[in-house]
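Just so you know, we're using my numbering here: the sequence shown kicks off at 1 and counts up by one.
Treat the hints as calculated values from the structure; they're not laboratory data.
Be aware that one or more of the hints could be misleading.
[What the hints assert, rightly or not] Label-pair ranges, simulated between beta-carbon atoms:
(1) L265 with T82: 12 to 20 Å
(2) R378 with T432: 46 to 54 Å
(3) L265 with T287: 13 to 21 Å
(4) L265 with V352: 32 to 40 Å
(5) N173 with L96: 39 to 47 Å
(6) A18 with A443: 18 to 26 Å
Quick reminder that beta carbons are idealized off the backbone N, C-alpha and C, glycines included.
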Amino acid sequence: MTSILTTLGVGSGLDTTALIDALVKAQHDPRDTALTTRSTVNDARVSGVSQVNSGLSGLITALSSRTVGGALGPLPSSSDPTVVAASATSGATPSLDPIDIVVNALAAGQTLVAATVASPAAPVGLGTLTLTFGTATSDGQGGFGFAGGSAAPITVTIDPTNNSLTGLRDAINAAQKGNATAVVASIIADSTGARLVLKGPGGAASAFIVADPGASADGVADNGLNRFVYTPAASTMTVAATAHDASLTVDGIAITRPTNHFSDLIDGVTLDLRKASPGTTVTIAATRDGDGLKSAIRDLVAALNAVGATAKALTHTATTSDPAGALVGDATMRRFEQQLAALTSSVTGSAVAGVPSLLADLGITTARDGTLSVDETRLGAAVAAFPDAVEKILVGLTTNGATKGALTALAADFAAVTKTGDASNRYARETTAIASDRATLDARMTTYRATLVTQYAAMEAAVAASKSTQAFLDEQIKAWNQTTN
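Full structure from sequences and hints, please.
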């Protein structure tokens with residue numbers, strides 16, 4: 001091809017290469033422009049479909065998160081949350097009869113206070129201290145007995161690098177790092193000096209003793225650490241609080257718990273004991289969050305209107321001031337808009353006479369322009385009289401037992417005809433067709449150019465041969481003329 005191209009224009013003197021380019025361009029550009037227009041239109045349709053798909057997916061996700069685990073169903077409530085707070089255990093929907101609770105005492109941990117030293121930086125002695133965990137019992141004579149538990153003892157070492165009250169505190173806390181039931185060491189300082197405070201977790205079985213083996217790291221006795229001893233045999237630390245369980249009376253039955261936060265008393269309910277209040281009865285019962293139900297309905301309507309507005313903007317016809325939407329006249333969008341408009345009359349709850357089962361039964365109405373609105377009076381009445389039915393309608397939009405809910409089914413149907421690679425996806429088919437037509441055009445133009453090059457090269461060769469013959473004849477005529485003269 002290169003050798004042919006070098007001959008173009010040689011014979012005729014014309015810019016044959018430019019002429020070929022112009023001819024190819026004249027054939028190529030109108031077709032290429034048409035393909036570009038088709039691609040632009042199709043890309044706009046794909047973008048529009050993606051907007052609708054995204055809006056639907058976001059709506060379903062948001063609605064599912066509001067209804068998952070019975071979040072809009074019956075919830076436990078306390079008649080006095082300052083004494084006992086109640087909440088639903090994650091993933092559970094409690095359905096309970098009222099339960100009466102009296103909090104006689106909160107669970108508390110053991111607290112020990114050491115004698116004062118001059119300051120937090122004051123040395124405390126060299127050696128080791130061992131904390132052993134278990135249960136302490138009073139002997140009634142000012143002493144106590146102790147039974148070790150299953151937790152492994154904690155041993156801390158005080159050497160010249162950490163020989164201070166601060167070093168001892170940090171060593172005790174570091175030895176138990178990551179332990180949820182750790183004994184917490186702290187320092188309280190005032191005008192009399194600084195003292196170590198050890199506080200254990202709540203519950204009778206969370207007591208602890210502190211023993212000093214009586215020798216430093218180098219084997220030499222150092223009695224400085226004796227001030228932090230607390231054992232049945234000898235105690236130098238003061239007991240500020242003893243470990244004990246929470247004491248409750250539940251429906252007249254006395255019970256205990258080792259912690260103030262537990263979920264093993266009422267199925268599906270977590271209780272938090274806030275303060276002891278003997279003689280005060282707190283009732284735990286299931287209640288409905290009516291405001292939450294109404295808020296979910298309002299948010300649903302707003303989201304459906306947003307999806308509908310997106311669809312409307314994509315399908316509106318052209319006006320003198322506004323061009324047509326990217327999906328105007330599109331059959332998929334027409335069907336989607338029809339299904340969306342019918343959603344308010346789709347049964348998503350139980351079809352029981354007199355009980356709401358449709359969004360329309362909750363006061364959701366459709367205006368002439370397709371937008372939805374909420375009749376607050378009807379919604380309030382429905383929530384007050386049939387909270388279970390209102391919740392079931394919301395849940396039924398996303399799931400209906402083992403099948404898809406009305407809204408989820410609509411989204412799935414819409415997504416199916418817009419899924420890349422799906423045979424029914426006209427947008428994907430058009431994208432493939434455009435790519436194929438462009439490849440065909442490029443191949444056709446390559447062939448057309450090669451044909452033109454061949455034809456013009458042959459023409460140039462013929463013109464060159466004619467010029468050569470003409471030059472020869474001219475020389476012969478000149479020679480004849482000279483001979484005649």
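Consistency of the hints with the structure:
Under the hint 12 to 20 Å, the C-beta atoms of L265 and T82, about 19 Å apart, fit the expected range. Separation of R378 from T432 is about 50 Å and conforms to the stated range, judged on CB atoms against 46 to 54 Å. Checked against the hint of 13 to 21 Å, the C-beta distance between L265 and T287 comes to roughly 18 Å, which is consistent with it. For the pair L265 and V352, the supplied restraint of 32 to 40 Å holds, since their beta-carbon distance comes to about 35 Å.
For the hinted restraint 39 to 47 Å between N173 and L96, the CB-CB distance of approximately 41 Å keeps it satisfied. Hint check: A18 to A443, Cβ distance near 23 Å, so the stated range 18 to 26 Å holds.
Consistency with the previously given hints is maintained throughout, with no hint failing.
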